[in-house]
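Q: Protein chains in written order, with numbering that gives the first Met the number 0: chain A, 0 to 348; chain B, 0 to 385; chain C, 0 to 76.
Among the hints, a few may not be true.
[Claimed, not checked] Here are the simulated SDA-like cross-link-like pairs (lysine to any residue), alpha carbons at most 25 Å apart as the crow flies: (1) B:LYS268 <-> C:GLU57; (2) B:LYS320 <-> C:GLN59; (3) B:LYS266 <-> C:LEU11; (4) A:LYS257 <-> C:ALA37; (5) B:LYS108 <-> A:VAL261; (6) B:LYS1 <-> A:ARG206; (7) A:LYS148 <-> B:GLU250; (8) B:LYS333 <-> C:ARG27; (9) B:LYS1 <-> A:VAL261; (10) B:LYS266 <-> B:GLY310; (11) B:LYS266 <-> C:GLN63; (12) B:LYS268 <-> C:GLN63; (13) B:LYS1 <-> C:GLN59; (14) B:LYS108 <-> A:ASP150; (15) B:LYS268 <-> B:ASN245; (16) B:LYS106 <-> A:ASP150; (17) B:LYS106 <-> A:ASP275; (18) B:LYS106 <-> A:SER72; (19) A:LYS257 <-> B:GLY9; (20) A:LYS257 <-> C:GLN63; (21) B:LYS1 <-> C:ARG27; (22) B:LYS333 <-> A:HIS321; (23) A:LYS257 <-> A:ASP275; (24) A:LYS257 <-> B:ALA335; (25) A:LYS148 <-> A:LYS257; (26) B:LYS184 <-> B:ARG82; (27) A:LYS148 <-> B:ARG133; (28) B:LYS106 <-> C:CYS38; (29) B:LYS333 <-> A:ASP337; (30) A:LYS148 <-> B:GLY84; (31) B:LYS108 <-> A:VAL144; (32) B:LYS108 <-> A:VAL70; (33) B:LYS268 <-> C:ALA37; (34) B:LYS333 <-> A:LEU339; (35) B:LYS106 <-> A:VAL70; (36) B:LYS108 <-> A:GLY149; (37) B:LYS268 <-> C:ALA55; (38) B:LYS108 <-> A:LEU199; (39) B:LYS106 <-> A:GLY149.
It should be emphasised that the hints constitute simulated quantities derived from the structure, not laboratory data.
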Amino acid sequence: MSAVRKDYIRPVDFKHGHVDMTHGGGGRAMAQLIDELFLRAFDNEWLRQANDQAAFAVRAGRMVMATDSHVVSPLFFPGGDIGCLSVHGTINDVAMSGAVPLYLSAGFILEEGFPLADLKRVVESMAAAAREAGVPVVTGDTKVVERGKGDGVFITTTGIGMVPEGVAISGNAAKPGDRILVSGTMGDHGVAIMSLRENLTFDTTIRSDTAALHGLVAAMVEAVPRIHCLRDPTRGGLATTLNELASQSGCGMVIAEKRIPVNGQVNAACEFLGLDPLYVANEGKLVAICAAEDADALLAAMRTHPLGKDAAIIGEVIADPHHFVQMDTSFGGRRVVDWLTGEQLPRIC
Amino acid sequence: MKYIDEFRDGQLARTLASAIAREADTGRSYNLMEFCGGHTHAISRYGLSDLLPPNVNMIHGPGCPVCVLPIGRIDNAIALAARPGLILCTYADTMRVPASKGTSLLKAKARGADIRMIYSSADAVRIAQENPGRDVVFFAIGFETTTPPTAVAIMQAMALRLTNFSVFCNHVLTPAAISNILESKEVRELGTVPLDGFVGPAHVSTVIGSQPYEYFAEEYQRPVVIAGFEPLDVMQAILMLVRQLNEGRAEVENEFTRAVTREGNTKAKALVAEVFELRRSFEWRGLGEVPYSALRIKAQYAAFDAEARYGIVYQSVPDNKACECGAILRGVKKPADCKVFGTVCTPENPIGSCMVSSEGACAAHYTYGRFKDVPVVAAPNATAAA
Amino acid sequence: MCLAIPARVVELLAPDSAVVDVGGVQKRISLALVDGVACGDYVIVHVGYALARLDAEEAQRTLQTFAAAKLADPEAA
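Start from the sequences and build out the full structure, keeping to the hints where you can.
A: And the structure:
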């Protein structure tokens, strides 16, 4: 007769199991999933307390909070996945204020039928990204929706951070005469994603540039505390971010096409599909605007950091009541770099 | 990228620009129509107009197959997509074209129609193979460049014995459009649109060759220079046209010799002739009915003809009264002449087709050039800043 | 008209496809419309089909024509 182990609870089947409605039901199945997956992966002192909230002390000063929801498809792509993307995205949003990110929360909406093996992969990727960034996920939530009502998994992350003294970075702080810098090559993430989209497959070694930028930002703020603007050019690409900043600051901009770093393969992929790299998403790059006299010091600080080795000064801010972003093309003409219209779609004409 | 980067060299652009400025006779104007939408896009994107002397004017022609697709045909496509279980495959260019009642393929997709954006007609055939229980329709648009790929898809579907695949054919022809423009009242009689020469399309010509343009040069006494797709190609073609006009010549010249021959691609042409035949007339958005300007699928291939299969009835839908796309497509008006340009009609909310396609004259002007309409602060050269 | 780009053929696949390379990005396309394509040739690709072979000599000749404009310029340094 086989011995029955006392207190034996069958572990969650991460190899072959799927999310079902009980995992969001609030009962034992949900507790078990949370324990065996989320708590085990994120493991930190707050989660070990097993409360519905995380408590911590903060020093006096200006606090920053940011939130991001992630609905990327495909979930897994060269260079990353929705998991690390959700960690990096919110850390970056916090960091763009100059703040040091401290803690993250993570909310999951899971679709019934989503493979647990994929969920495990996503969560472990998130945990690794959080650990590497030194920003723990201290609280979270899980819900399950019926099959057909979700795209596998939606993740919402929220982050908080503290702004160091003397730092006042904001989208409306650009002034005529300021210089515009980017931290590296444009368009990598969008092209990496597109290379997997059904009907658009092409082979490329381009990987998503998804990365947490708070380390780079810290180095930049140390070199130039009076940075005027910081923003990461995610959806809509560099062009959209520059237009946003121009609009918020009430200025215009002039940039030089030949100064914008773009990976050769990104250029080529965009040629194939009729896309403009200026409008393609980035997930590990930032745009910085600072006073002209600080530009060289800022560039040097960026280039010393591994995430800013391809940094470049690409243009300057000017006075312009129309807030146009103009570009000197490498060809020698000048054109406007406008807001993105809807979603950038590939074209055949 | 080889054969691309060398043809975008800024230094060479400047020398070509000075050559054009040098050779253009200041005593006259040169009014050149670039027929092809791809050239419109290149001119706007690279800011070529900045490099031309003021007496060389580029007029944007109707060579944008998305722009000339009539509202009624988009309505037909949307109706097909609305059929239960049907999968409509389309190039992404058509998704935002405004159809009747403010709808579009993009909006229909949002409301649940199974519309799939594809890169190649071969993808549509594959989708049909992968979904044997569902009808698949390929929304085929484009000039002569895009027609051979549709022909191959139909032959492939036939070889695979697919019974669930058909094509909604909207292929149109370049020479017919050029005729239509040259025959228009404004050009022929009134002379209100001075049209001195044409920059001929690049990739259409790789298929049809340079030979079909000889008729226009001869009959209408206007030079045609077929130009490659890159900005240096366009500039060289403009230089060649200026020279022809100075010398009183009206010939067909080929700048795009690396890809275009006089006969074109005989294999592709034969394939197209096998599968398609001329329609007696076809409505072009903005140009009205144009005779012998479009193709339909031959009777032997009726099994793959969506119009036959679904009994599609075409209903002409007039453009918005304020829309000047027609005049703009014929080169009679400029985007800034249209009352709704930039106000009611923008790339976000296009009223007419010229604003939808990124190579439509209005979209190109709005996106790349409208800053020239407003007095912009004299901006310093960006390269001096760094 | 219509977006088409010159691409280098890096691999031929029976019966009538090929893998082409543009600036390091590779894609599988159809050769159904062009005969006699060899590895190393450049073709013009539109919507996943090769439409024509690119004539390398003519390309060179065209580039030289552009440069010739400079030689003819009395003001060129």
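Q: Next, verify each hint and record whether it holds.
A: Each hint, compared with the structure:
| no. | hint | in the structure |
| --- | --- | --- |
| 1 | B:LYS268 <-> C:GLU57 | holds (23 Å) |
| 2 | B:LYS320 <-> C:GLN59 | violated (50 Å) |
| 3 | B:LYS266 <-> C:LEU11 | holds (19 Å) |
| 4 | A:LYS257 <-> C:ALA37 | violated (35 Å) |
| 5 | B:LYS108 <-> A:VAL261 | violated (33 Å) |
| 6 | B:LYS1 <-> A:ARG206 | holds (23 Å) |
| 7 | A:LYS148 <-> B:GLU250 | violated (63 Å) |
| 8 | B:LYS333 <-> C:ARG27 | violated (41 Å) |
| 9 | B:LYS1 <-> A:VAL261 | holds (17 Å) |
| 10 | B:LYS266 <-> B:GLY310 | violated (32 Å) |
| 11 | B:LYS266 <-> C:GLN63 | violated (31 Å) |
| 12 | B:LYS268 <-> C:GLN63 | violated (31 Å) |
| 13 | B:LYS1 <-> C:GLN59 | holds (12 Å) |
| 14 | B:LYS108 <-> A:ASP150 | holds (17 Å) |
| 15 | B:LYS268 <-> B:ASN245 | violated (35 Å) |
| 16 | B:LYS106 <-> A:ASP150 | holds (20 Å) |
| 17 | B:LYS106 <-> A:ASP275 | holds (24 Å) |
| 18 | B:LYS106 <-> A:SER72 | holds (20 Å) |
| 19 | A:LYS257 <-> B:GLY9 | holds (10 Å) |
| 20 | A:LYS257 <-> C:GLN63 | holds (24 Å) |
| 21 | B:LYS1 <-> C:ARG27 | holds (18 Å) |
| 22 | B:LYS333 <-> A:HIS321 | holds (22 Å) |
| 23 | A:LYS257 <-> A:ASP275 | holds (14 Å) |
| 24 | A:LYS257 <-> B:ALA335 | violated (30 Å) |
| 25 | A:LYS148 <-> A:LYS257 | violated (45 Å) |
| 26 | B:LYS184 <-> B:ARG82 | violated (42 Å) |
| 27 | A:LYS148 <-> B:ARG133 | holds (23 Å) |
| 28 | B:LYS106 <-> C:CYS38 | violated (44 Å) |
| 29 | B:LYS333 <-> A:ASP337 | holds (20 Å) |
| 30 | A:LYS148 <-> B:GLY84 | holds (20 Å) |
| 31 | B:LYS108 <-> A:VAL144 | holds (23 Å) |
| 32 | B:LYS108 <-> A:VAL70 | holds (19 Å) |
| 33 | B:LYS268 <-> C:ALA37 | holds (22 Å) |
| 34 | B:LYS333 <-> A:LEU339 | holds (23 Å) |
| 35 | B:LYS106 <-> A:VAL70 | holds (20 Å) |
| 36 | B:LYS108 <-> A:GLY149 | holds (17 Å) |
| 37 | B:LYS268 <-> C:ALA55 | holds (23 Å) |
| 38 | B:LYS108 <-> A:LEU199 | holds (19 Å) |
| 39 | B:LYS106 <-> A:GLY149 | holds (20 Å) |
Hint compliance for this structure: hints 2, 4, 5, 7, 8, 10, 11, 12, 15, 24, 25, 26, 28 are broken, all remaining hints hold.
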